[in-house]
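One letter stands for each residue in the lines below.
There are 2 protein chains.
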Amino acid sequence: MSKSYIEIAKEAKYKLAGNGARNIGMLLDAFKDIDPMTDADTYGTGKLINDFEAEIAEFLGKEKAVFFPTGTMAQQIATRMWSDATGTKKIAYHPLCHLEIHEKDAIKVLHHIDPVLLGAPGRLFTLEDLKAVNEPLACLLIELPQREIGGQLPTWEELVEISEYCKAQNIRLHLDGARLFEALPYYNKSAKEICALFDSVYISFYKGLGGIAGAILAGNTAFMEEAKIWKRRHGGDLISLYPYIVNARYSFNKRAGEMKKYWQNAIAVAERLNMIQGVKTIPEVPVCNMFHVYFDFSKDTLEKILTNIAEAHDLVVTMNIREISANLCMSELYFGDSFSLIPQEVLDGALEQLQIELR
Amino acid sequence: MSKSYIEIAKEAKYKLAGNGARNIGMLLDAFKDIDPMTDADTYGTGKLINDFEAEIAEFLGKEKAVFFPTGTMAQQIATRMWSDATGTKKIAYHPLCHLEIHEKDAIKVLHHIDPVLLGAPGRLFTLEDLKAVNEPLACLLIELPQREIGGQLPTWEELVEISEYCKAQNIRLHLDGARLFEALPYYNKSAKEICALFDSVYISFYKGLGGIAGAILAGNTAFMEEAKIWKRRHGGDLISLYPYIVNARYSFNKRAGEMKKYWQNAIAVAERLNMIQGVKTIPEVPVCNMFHVYFDFSKDTLEKILTNIAEAHDLVVTMNIREISANLCMSELYFGDSFSLIPQEVLDGALEQLQIELR
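Respectively, the protein sequence lines represent chains A and B.
Per our numbering, the very first residue in the first sequence carries number 1; after that it's consecutive.
Per our numbering, the very first residue in the second sequence carries number 1; after that it's consecutive.
There could be a bad hint or two in this list.
Pairs count within a copy or across copies, as identical chains cannot be separated in the list.
As the list claims (entries may be wrong) - Within a straight-line C-alpha distance of at most 20 Å, the following computed PhoX-like cross-link-like pairs (lysine-lysine) qualify:
1) Lys-47 x Lys-64
2) Lys-47 x Lys-3
3) Lys-89 x Lys-108
4) Lys-90 x Lys-104
5) Lys-261 x Lys-3
6) Lys-47 x Lys-10
7) Lys-104 x Lys-228
8) Lys-304 x Lys-254
Just so you know, these hints were derived from the structure itself, not from any lab.
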């Protein structure tokens, strides 16, 4: 039996995207320098968890940060609390917001919140979209960068204007910062400067940071104390979360400072991909370390070509190929550690072959 | 500054109760024999998680098992689903059920379920208590053993009768088996035989099994497929749960077969404690590896005496002392690995001194 494309792709020595294989060695690496006698955290208490929370709170410029097992949990809780605080069930977000498309309607089924979809799926929403909402909103959620449209970002000026508008209208502003670190180089701002525009902030440790799992929700002290109650309610108050915390700190230290390099690599590769007939990236010039790439080919054809490239150059261009229609495929590419391991001649050879084979 | 009782207790070489210190070495031990190249699980899929779920499903005699980060999450989901399935908001459980006292009212606030408290806080509920409920119930939750009253257990006959009554009345029966393994020796039944009485079963990996965290919910396939949707909604569908899964399997293999020994140790110690004036265990004769012990002394006095014992014998009797009133304290004791490490003469010396000092 011949191998599937995924099997061939996994075996390739070089990967254009990502931070390497998600195997359990990732966990062990993070624990190499930790004393095994270190006390576990216990239900959100203990030096190990509280020190890390304080470190991230400081980094984000927020009074208090709490570690959560997932962003799904953290963000539902934040928006639910803003809804309760303002007495309205309406919150606004992008039509392709994680809460809308990846959480099985939890915000509605569990929290009875009524989302308002701002703008259109294929673009960022704007201040004008927000101004057009003619009912009171508890909260606006902004995802920076907007993952489902290739990691696009509003300009800094627009972001500030939206924040000021929300303040004036008494709309709480929540940051879906699953990929906040990735957005920092584009704005050329610190996390603190960006987070100052928001009332609450969520960040993830396994997107660009390449950790195992885990999230932080940050805000003012009273808000976060209540968020801990909700964390318990959701079943997120594990007796010990240290496997994720130790790895989150390790991944944060390892990759938070690398995002500019990852971004530059994304720009360079996108430029070369856009030179190929029938290949187009969104956005055309990436604003962070990710973009989406569309191929005007069937999934079968594309996989055959990428198999040839993997066999010839030991390099996999992408592992995830989504079929959009009979002759259109999409792939999401994230740049991380793996790119730096590719010798220049391997990269050049692979991209040249891609250009030839897709002709 | 003199040390606190907890500090002194932590330093003692021998511990009457528990499975040893909860430090991060616990995680590393479990990973010693695992190939670091093993693929991580991904959103509930992958060999690592699915093999373990299948193994536990088989052990419990259920069609399907799903790994959850917490029992809090697993049990809310199970009871919510039984409520939805039967179209009634009423579920019944013991007044000291985990859902009632440790979850910040999540079952009410998040799931809008209306619990019926069966029986009284100080005793097990009975079939008669259940029969006295004069409204339709979606679900009855039974905790085996009932932790908050010293780990008591109904007789096998009563358990079977309750199960048959529930079947006849169309009440779904859910097992809070946080400490199911601990209950097996008393019933002298397999987990399968006990679980056959229940429609859904939750077990924990960090109570008697001594793991880091994590839980399994098991039931029929359709029920568990829906439970996975709720797991996503609750924010429990972590991209990777392997740090807990690898440890859960390790802890299960290490301790699931040890419960009879732990129980016998509990019986022996309870007997000796009950011989001391002003000391009483609940239950008098433990039915599993845990019991509660009441001391007719102030917390201060008790801590002083236990400090003396720790200093004289390097053994700590208990770390957790709860003040009930000015002259009454309670402690929960779990027997695990630590007890076996205590030399007989140390144990005898410590218990003799306890008897003398409490006089």
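Hints, verified against the model:
1. Lys-47 x Lys-64: within (15 Å within a copy, 38 Å between copies)
2. Lys-47 x Lys-3: Between copies only: 18 Å across, 48 Å inside.
3. Lys-89 x Lys-108: both (10 Å within a copy, 18 Å between copies)
4. Lys-90 x Lys-104: Within one copy only: 18 Å inside a chain, 25 Å across chains, cut-off 20 Å.
5. Lys-261 x Lys-3: neither (34 Å within a copy, 51 Å between copies)
6. Lys-47 x Lys-10: Cα proximity of Lys-47 and Lys-10: across copies only (16 Å, versus 39 Å in one copy).
7. Lys-104 x Lys-228: between (23 Å within a copy, 10 Å between copies)
8. Lys-304 x Lys-254: neither (35 Å within a copy, 48 Å between copies)
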